[in-house]
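Got chain A sorted already, so can you dock chain B with the ligands onto it with the hints?
Here are the chains, one letter per residue:
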Amino acid sequence: MSVLLEVKDLVVRFYTQEGTVFAVNGVSFDLEEGETLGIVGESGSGKSVSSLALMGLIPSPPGKVESGTVIFEGRDLLQLKPDQMRLIRGKEIAMIFQDPMTSLNPVLTIGTQITESLKLHEGMNTSQSRKRAADLLDMVGIPDAYRRLDDYPHQFSGGMRQRVMIAMGLSCNPKLLIADEPTTALDVTIQAQIIELVKQLKDEFNMAMIWITHDLGVVAGIADRIQVMYGGRIMESGSSHEVFGDSRHPYTVGLLGSLPRLDSSGEEKLTQIEGSPPDMRNEPEGCPFAPRCDMREMLQLDKCWDQRPPLEIVPDSTGAVTHVISCWADIREGVAKHV
Amino acid sequence: MSSQVMEHTARKSQADDDIILSVTGLKKHFPISSGIVFQRQVGAVRAVDGISFDVVRGETLGLVGESGCGKSTTGRTILQLYRPTEGSVKFEGQELSTMAGNDLRQMRRRMQIIFQDPFASLNPRMTVGSIVSEPLQIHNIYSNKKERQQYVEQLMEKVGLNPYFINRYPHEFSGGQRQRIGIARALALEPSFIVADEPISALDVSIQAQVVNLMEELQDELNLTYLFIAHDLSMVRHICDRVAVMYLGKIVELGPVDAVYDNPQHPYTQALLSAVPVPDPGVEESRQRIIISGDLPSPATPPTGCNFNTRCPVAFDLCYQEPDPPLVEVLPNHFVSCHRVT
Ligand SMILES: Nc1ncnc2c1ncn2[C@@H]1O[C@H](COP(=O)(O)OP(=O)(O)OP(=O)(O)O)[C@@H](O)[C@H]1O
Ligand SMILES: Nc1ncnc2c1ncn2[C@@H]1O[C@H](COP(=O)(O)OP(=O)(O)O)[C@@H](O)[C@H]1O
Ligand code: SF4
Ligand code: SF4
Ligand SMILES: [Mg+2]
Ligand SMILES: [Mg+2]
Chain A
1 MSVLLEVKDL VVRFYTQEGT VFAVNGVSFD LEEGETLGIV GESGSGKSVS
51 SLALMGLIPS PPGKVESGTV IFEGRDLLQL KPDQMRLIRG KEIAMIFQDP
101 MTSLNPVLTI GTQITESLKL HEGMNTSQSR KRAADLLDMV GIPDAYRRLD
151 DYPHQFSGGM RQRVMIAMGL SCNPKLLIAD EPTTALDVTI QAQIIELVKQ
201 LKDEFNMAMI WITHDLGVVA GIADRIQVMY GGRIMESGSS HEVFGDSRHP
251 YTVGLLGSLP RLDSSGEEKL TQIEGSPPDM RNEPEGCPFA PRCDMREMLQ
301 LDKCWDQRPP LEIVPDSTGA VTHVISCWAD IREGVAKHV
Chain B
1 MSSQVMEHTA RKSQADDDII LSVTGLKKHF PISSGIVFQR QVGAVRAVDG
51 ISFDVVRGET LGLVGESGCG KSTTGRTILQ LYRPTEGSVK FEGQELSTMA
101 GNDLRQMRRR MQIIFQDPFA SLNPRMTVGS IVSEPLQIHN IYSNKKERQQ
151 YVEQLMEKVG LNPYFINRYP HEFSGGQRQR IGIARALALE PSFIVADEPI
201 SALDVSIQAQ VVNLMEELQD ELNLTYLFIA HDLSMVRHIC DRVAVMYLGK
251 IVELGPVDAV YDNPQHPYTQ ALLSAVPVPD PGVEESRQRI IISGDLPSPA
301 TPPTGCNFNT RCPVAFDLCY QEPDPPLVEV LPNHFVSCHR VT
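So the sequence lines, in the order shown, correspond to chains A and B. Quick note on this note's numbering: the first sequence kicks off at 1 and runs consecutively. Quick note on this note's numbering: the second sequence kicks off at 1 and runs consecutively.
Here chain A stands alone, though its shape is the one from the complex (with noise of 0.2 Å):
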């Protein structure tokens, strides 16, 4: 498999009223083709302000991608213009959002909105368009496709709407799907149903995918590779077994630990991780879990305050996927590192 895209250091802020909001503090990864990486983190961690930015989505002002690459398919995005970038979104990378009544526009027909981008970027006349809309349409379920064309996104419901976003992510093949919370709306049992169904045509048209989520059982299910986010940089990043099964960075394992399970009786208190999320304005200098940290206050790491832990390859990797970590302690070994 050959490398697709390629992030390098990427640093995006906001410079608002009430101050800069550090938002992305430097962060890389690769994504091959056909492979499917899971993003998690919590509100605020820099989850889609990353995937924004390599978007050519972040808006400026306030926003501003103070530096790093992202090369996909040997262009750098970040330095191409904005009609060079329209291109590429929806052709080649497509996006889709948390809530799609917000990307649908309510005054269009459904139909208008798919075939607008198949006219666009395949050169479509109206009844080819049409025609291809509704087989999208039909693909991802939608009954009775062809006449649905004419309906406007208020006539569908919050799952049926998921599904047009996503037949609109696909009309043009794209290389690329990035989802942002695709079923954080949804109820669950509508989100085993768009899940199955990306999951299906992602194969079918054998593209890469970001998944973005909060709910680390969605990406259990679905993505090849994890990366964890929190306070704008990665923590952990990992094959789905090494990040769940073998979690090595102090906020994984908290997380993780703090979550009841469905499939057994939890007689036991959830393990809490003291403390809350970082406020995103704070200039980040050192590790941003410090102040939550166990691990870092049971070594008395003071380094943890003042320096970044670069990311790493875990002390013990045997993964054929690079399992790496963002942390100045091998919480195996209950050691610091580099001493």
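Source of the hints: derived by calculation from the structure; they are not laboratory data. Bear in mind the structure is a predicted one, so any value in this text is a computation, not a measurement. Note that beta-carbon positions come from the ideal geometry of N, C-alpha and C, so glycine has one too.
Have a look at the derived ranges for each label pair, beta carbon to beta carbon:
1. A:K81 / B:E157: 55 to 63 Å
2. B:V314 / A:E66: 54 to 62 Å
3. B:P313 / A:T184: 20 to 28 Å
4. B:S67 / A:E18: 30 to 38 Å
The list that follows gives simulated cross-link-like pairs (lysine to aspartate or glutamate, EDC-like), each with its CA atoms no further than 16 Å apart:
5. A:K269 / B:E216
6. A:K8 / A:E312
7. A:K199 / B:E284
Just chain B with the ligands, lined up with the frame of chain A:
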């Protein structure tokens, strides 16, 4: 006929249980009106459509189901924030559905609610101290200002807030801290029963465990009874003793959490549980999902026959011909409403 069966069977049967709340045949229908000048009722949203259950003192009963199935309406109708369309709500032996005025106000001291959204539910212009002490003022408790402040400080400590922050405003607190403020306020009048309506849904994952642990500690300490409304089924298993699964305004399954989760009987419960993702790739790889097609029907026009027959993977002729199946005890303390099971 069916409502009688329900009234009779949906009880938790042990005679020695201390029943704090008893709900029987409860309905809440919201009228749908049409016409601009002359409003006339053209139908009704059957948000809660005939439910019966008991809650035992000191337990946590979970209420789960998809968005719009009637969970919040159930909680609010029990507290008489909505008056029932039909049915009875007995709390600590007294009938609430016919109670009004001062009697109801006195009863409300014993029953409180915690809301989902700690941002929207707190008045942004009031300090923490005044938010927490407002119920005390309304009920004229602690007319001595100093005593009241001391009590509020105790409450803040109890929920893990530093009393030092008593004069701060809600926006100065994080989501988890605001939920603690909401809990402190709910505890101010020493209630015995609390409806917690999605108390952790709006919180970050790392904060949810903090709030749940707090709720459990307070329950032990104060012998509280909870009706815990949630859509996180894993958390419900953790925190609840029993769980009721709702679908389109009715309870379709009710039982001890381990019984319902390990051995779900109703096709909807089976599909619902199988749809919940588990944070374990090994488990996810081998899991069999029951994908139910379609969406929740509108509670204004529920299907005829079994409520679930438009999506049920195992529906058969009876499910369309007979009225909605009654909730029947099929295993000890485990109630199910389905023709396949009974
Ligand atoms: N005040 C109201 N007037 C009219 N209809 C209402 C009112 N409150 C609720 N409903 C309707 O009653 C049904 C049940 O609503 P309810 O809020 O109880 O659902 P819920 O199970 O709590 O859902 P959620 O998980 O989304 O909170 C829904 O169809 C809802 O639209
Ligand atoms: N348009 C904006 N203006 C100012 N701050 C923003 C904007 N968009 C995002 N942020 C801030 O950037 C940080 C990261 O946000 P985001 O990537 O959306 O988080 P999430 O991980 O929940 O997707 C947060 O602190 C957020 O408040
Ligand atoms: S770098 Fe230090 S503070 Fe950060 S997670 Fe590791 S031990 Fe904890
Ligand atoms: S009664 Fe019939 S339709 Fe209803 S849940 Fe049972 S099998 Fe399904
Ligand atoms: Mg986001
Ligand atoms: Mg609700």
